[in-house]
Amino acid sequence: MLNFIDRALKSPLAQVLTWPHRAETYLEFLAPRIGGVAIKATVKAVRQETNRAVSLVLEPNHRWSHHVPGQYVPFTATINGRRYTRCFTVSGIEAGCPVVTIQAHSSGIVSAWANESVWQGDIVELGAPSGDFILPVERNEPFLFIAGGSGITPIRALLDQLAGEGHQGQVDILYYVPSSADAIFLGHLKTLATSCPNVKLHLAVTREKVAGSLSGHFTPDHLKAIGVDLSKARTYVCGPAGLITAVEQHWSNAGQHSRLTLERFQAIELPVAVDGEGQAVRFSDSAITTTAPANRTILDAAEAAGLNPVSGCRQGICRTCTCRKLAGQVRDIRTGQISGDGPEDIAICVSVPVTPITIEL
Amino acid sequence: MTSMTINTRIQGVIGSKLTRAQVDAFGAEIDALRARVTADLGQKDLDYIKSIIRLQRRLEIGGRAAIYAGIFNPLAWVAGVGALGTAKILENMEIGHNIMHGQFDWTNDPELRGRKYDWDNVCPGDQWRHSHNYMHHHYTNIVGKDRDVGYGILRMADEQPWHPGYIFQPVYALALALFFEWGVGVHDLELSELPKGKWKWSEKKDMVKAFLKKTRKQVLKDYVAFPLLAGPFFLPVLAGNVIANIIRNIWAFMIIFCGHFTEDAEMFTEAECENESKADWYLRQLMGSSNIEGGKWMHIMSGNLSHQIEHHMFPDIPANRYAELAVEVKALCEKYDLPYNTGTLSKQFGTVVKRIFRLSLPSTNQNGTPAVA
Numbered sequence: 001m002l003n004f005i006d007r008a009l010k011s012p013l014a015q016v017l018t019w020p021h022r023a024e025t026y027l028e029f030l031a032p033r034i035g036g037v038a039i040k041a042t043v044k045a046v047r048q049e050t051n052r053a054v055s056l057v058l059e060p061n062h063r064w065s066h067h068v069p070g071q072y073v074p075f076t077a078t079i080n081g082r083r084y085t086r087c088f089t090v091s092g093i094e095a096g097c098p099v100v101t102i103q104a105h106s107s108g109i110v111s112a113w114a115n116e117s118v119w120q121g122d123i124v125e126l127g128a129p130s131g132d133f134i135l136p137v138e139r140n141e142p143f144l145f146i147a148g149g150s151g152i153t154p155i156r157a158l159l160d161q162l163a164g165e166g167h168q169g170q171v172d173i174l175y176y177v178p179s180s181a182d183a184i185f186l187g188h189l190k191t192l193a194t195s196c197p198n199v200k201l202h203l204a205v206t207r208e209k210v211a212g213s214l215s216g217h218f219t220p221d222h223l224k225a226i227g228v229d230l231s232k233a234r235t236y237v238c239g240p241a242g243l244i245t246a247v248e249q250h251w252s253n254a255g256q257h258s259r260l261t262l263e264r265f266q267a268i269e270l271p272v273a274v275d276g277e278g279q280a281v282r283f284s285d286s287a288i289t290t291t292a293p294a295n296r297t298i299l300d301a302a303e304a305a306g307l308n309p310v311s312g313c314r315q316g317i318c319r320t321c322t323c324r325k326l327a328g329q330v331r332d333i334r335t336g337q338i339s340g341d342g343p344e345d346i347a348i349c350v351s352v353p354v355t356p357i358t359i360e361l
Numbered sequence: 001m002t003s004m005t006i007n008t009r010i011q012g013v014i015g016s017k018l019t020r021a022q023v024d025a026f027g028a029e030i031d032a033l034r035a036r037v038t039a040d041l042g043q044k045d046l047d048y049i050k051s052i053i054r055l056q057r058r059l060e061i062g063g064r065a066a067i068y069a070g071i072f073n074p075l076a077w078v079a080g081v082g083a084l085g086t087a088k089i090l091e092n093m094e095i096g097h098n099i100m101h102g103q104f105d106w107t108n109d110p111e112l113r114g115r116k117y118d119w120d121n122v123c124p125g126d127q128w129r130h131s132h133n134y135m136h137h138h139y140t141n142i143v144g145k146d147r148d149v150g151y152g153i154l155r156m157a158d159e160q161p162w163h164p165g166y167i168f169q170p171v172y173a174l175a176l177a178l179f180f181e182w183g184v185g186v187h188d189l190e191l192s193e194l195p196k197g198k199w200k201w202s203e204k205k206d207m208v209k210a211f212l213k214k215t216r217k218q219v220l221k222d223y224v225a226f227p228l229l230a231g232p233f234f235l236p237v238l239a240g241n242v243i244a245n246i247i248r249n250i251w252a253f254m255i256i257f258c259g260h261f262t263e264d265a266e267m268f269t270e271a272e273c274e275n276e277s278k279a280d281w282y283l284r285q286l287m288g289s290s291n292i293e294g295g296k297w298m299h300i301m302s303g304n305l306s307h308q309i310e311h312h313m314f315p316d317i318p319a320n321r322y323a324e325l326a327v328e329v330k331a332l333c334e335k336y337d338l339p340y341n342t343g344t345l346s347k348q349f350g351t352v353v354k355r356i357f358r359l360s361l362p363s364t365n366q367n368g369t370p371a372v373a
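Sequence lines, in order, name chains A and B.
Note that the numbering used here has the first sequence beginning at 1, numbered continuously upward.
Note that the numbering used here has the second sequence beginning at 1, numbered continuously upward.
FYI, nobody ran anything at the bench for these hints, they're computed from the structure.
Careful, some of the hints might be misleading.
From the derived model, a few chain B residues whose C-beta atoms are all more than 10 Å from chain A [said to hold, decoys possible]: (1) Gly144; (2) His163; (3) Leu178; (4) Gly185; (5) Lys205; (6) Gly231; (7) Leu361.
Label pairs and their calculated CB-CB ranges [stated by the list, open to error]: (8) A:Ser213 with B:Ala32: 50 to 58 Å; (9) A:Ile123 with B:Trp297: 25 to 33 Å; (10) A:Arg207 with B:Lys335: 57 to 65 Å; (11) B:Pro232 with A:Pro343: 45 to 53 Å; (12) B:Lys335 with A:Leu13: 52 to 60 Å; (13) B:Trp297 with A:Thr291: 47 to 55 Å; (14) B:Tyr223 with A:Ile123: 35 to 43 Å.
Note that the Cβ used here is the ideal one computed from N, Cα and C, for glycine as well.
Sequences are here, hints too, so could you generate the full structure?
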């Protein structure tokens, strides 16, 4: 029925009758959960996983189809009136509802929101699932899963898939956490290891000594300690940049890089520059990268780079020069406010880059 | 850029009360107001505009349904036309006009993007963004630059040279009020400049095409598709839609003319505004704009253009903040002994009508100073 309504609203007649607005938006304002074009999901349950990680059980509307375990979804939350989009792994499916697990990090707006301010019943938007961090079709080799921190989330999805299929081959989980209290899904992983004789869990704690656990960051010695031969195992690694680099290095040295499947986290935000530092500006449509001199606006930088963007008042009033910022942060020269780091429309005549930025121009 | 002198026109109004330093201090206080409100924008502003859009959608759907129900009961037709007219007013003024200023760009909501939004009338969004956001808001009330001064049809400033055709301008004004969306629709084309040879049709092919495309879709919706769906009751639905559009036209005309053409709203020459600083620009917006007093619904239905002064100082701040800004701007005007032009709709519009009649005749003094102080 709802899919029929979606199709009807896309029909030429509906578009004529609601011009200049899309017909879908009419339903969106009357019934936010089913209207619009995005996959809307209601937060059905919030579960604390650790002191700084929560799982959100999301009840999606009719536009959610399915995902492959290990994939992530673009996740859009409206926080204090502003929309932010981040990608999070679907860590599992509970009664048909996708679950995303989000660990707070120091400067993360969305992750802080998910951990502190989300309410049951809140509506978020999901995009189409994507990602190649999925199991191979042939599963006759031993698996080694290396996770760092919240990098366990896609790995849990893969482990649950294997367990669900009754996979009999050897599975080793090497899980790096700062302290054992930070280990997400620890109970679940332990249960898995106890109930399936082929699954072994190896916890590695980087910032404290825990009896029975490995300690410190990844070293080849850890592989020896857990008795895994990297040339025999199909290895999946997901975690912070440091872990990925160390693992890649070791596998490359052994000539086995092609047997690694990697999932990197999104780049951590760049430090915001103080006044007086020039910044790299990339104009994506024109494929030009230039440096904006200190305290000069993006409009100035574009013109200095030979571009001729439309502009008007040059004082932030008419917004003729509005462009889509794809990445990076800017300072509004009128108020000193620093923008978010995601895609948004900005008036380039009053915006000075404070990190390297990409502008759709 | 800081100018040393004060705009002579503004000096003429305020006398020698303010020094350059005081004007700059006034500008700095207005800047501080902007920074304070901008930093405070958040969920309540998003919730506000969404609630208005929700109301507008309900009124539009309900209004169109009631016009159809007019087949059974003429009173439903009357209510439907009223609701549809109201919906169109809300869509054009509190929603479209404000979103197209980029007031909600900070929300990052795809439905509220200033650069992409198009509204429910025959004026293409892109042409409006040029003629209004830039030409009108940047060059406010500068005769020869801001084409909103008379829309190329009316003589609204003493500085516009008089010719005998203006004798009938009360009639032109009435026609403009009835067909206001069409006037706005062709505004950016500058049709009145065509006979003077300022441009050729070939130069504006794309603009004309965009206008015709927009017009075709508007006409198709209101005057063909919805009436056709009523089958044998084509004509009552067509009439209802025509009247709803005219209700919106007249209301928008009244509100917009009250914004800059009340008797005390100042007009400027280009020379007077040379080397303006930001503070001078604020003063020009203040002197050239006039507010309308009223309750909550007066402000909502006018798209908060009842706070025209605040809108012109802060065109890209969400309009639902103008009421709180008005309190502070008014207080600053009192502090600096500056005029603050405000009054009820009937008082303000009365002076607009007076101005239309007065300027239909030659000004007693043609050298640029107003005939009536």
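Hint check:
1. For Gly144 (chain B), the shortest C-beta to C-beta distance to chain A comes to about 17 Å, beyond the 10 Å cut-off, and the non-interface label holds.
2. The claim that His163 (chain B) is not at the interface with chain A holds, since no C-beta of that chain comes within 10 Å of its own (minimum 32 Å).
3. Look at Leu178 (chain B): its CB is around 22 Å from the nearest CB on chain A, clear of 10 Å, so calling it non-interface holds up.
4. With a closest Cβ-Cβ approach of about 13 Å to chain A, Gly185 (chain B) is found to remain outside the 10 Å limit, as its non-interface label requires.
5. Against chain A, the non-interface label of Lys205 (chain B) holds: every CB pair exceeds 10 Å, the least being about 19 Å.
6. Even its closest Cβ contact with chain A, about 15 Å, leaves Gly231 (chain B) beyond 10 Å, as expected for a residue assigned away from the interface.
7. The Cβ of Leu361 (chain B) sits about 35 Å from the closest Cβ of chain A, beyond the 10 Å cut-off, so the non-interface label holds.
8. For Ser213 (chain A) and Ala32 (chain B), the hinted distance range of 50 to 58 Å is satisfied, since their beta carbons lie about 56 Å from each other.
9. One distance hint, 25 to 33 Å for the beta-carbon pair Ile123 (chain A) and Trp297 (chain B), holds here, with the actual separation near 29 Å.
10. For the pair Arg207 (chain A) and Lys335 (chain B), the beta carbons lie near 58 Å from each other, so the given range of 57 to 65 Å is met.
11. Evaluation of the 45 to 53 Å hint for Pro232 (chain B) and Pro343 (chain A) yields a pass: the beta carbon distance comes to about 51 Å.
12. For Lys335 (chain B) and Leu13 (chain A), the Cβ-Cβ distance of about 58 Å falls inside the hinted range of 52 to 60 Å, so the restraint holds.
13. Between Trp297 (chain B) and Thr291 (chain A) the CB atoms are about 52 Å apart, so this pair conforms to the stated range of 47 to 55 Å.
14. Restraint check, Tyr223 (chain B) to Ile123 (chain A): a C-beta distance of roughly 38 Å satisfies the suggested window 35 to 43 Å.
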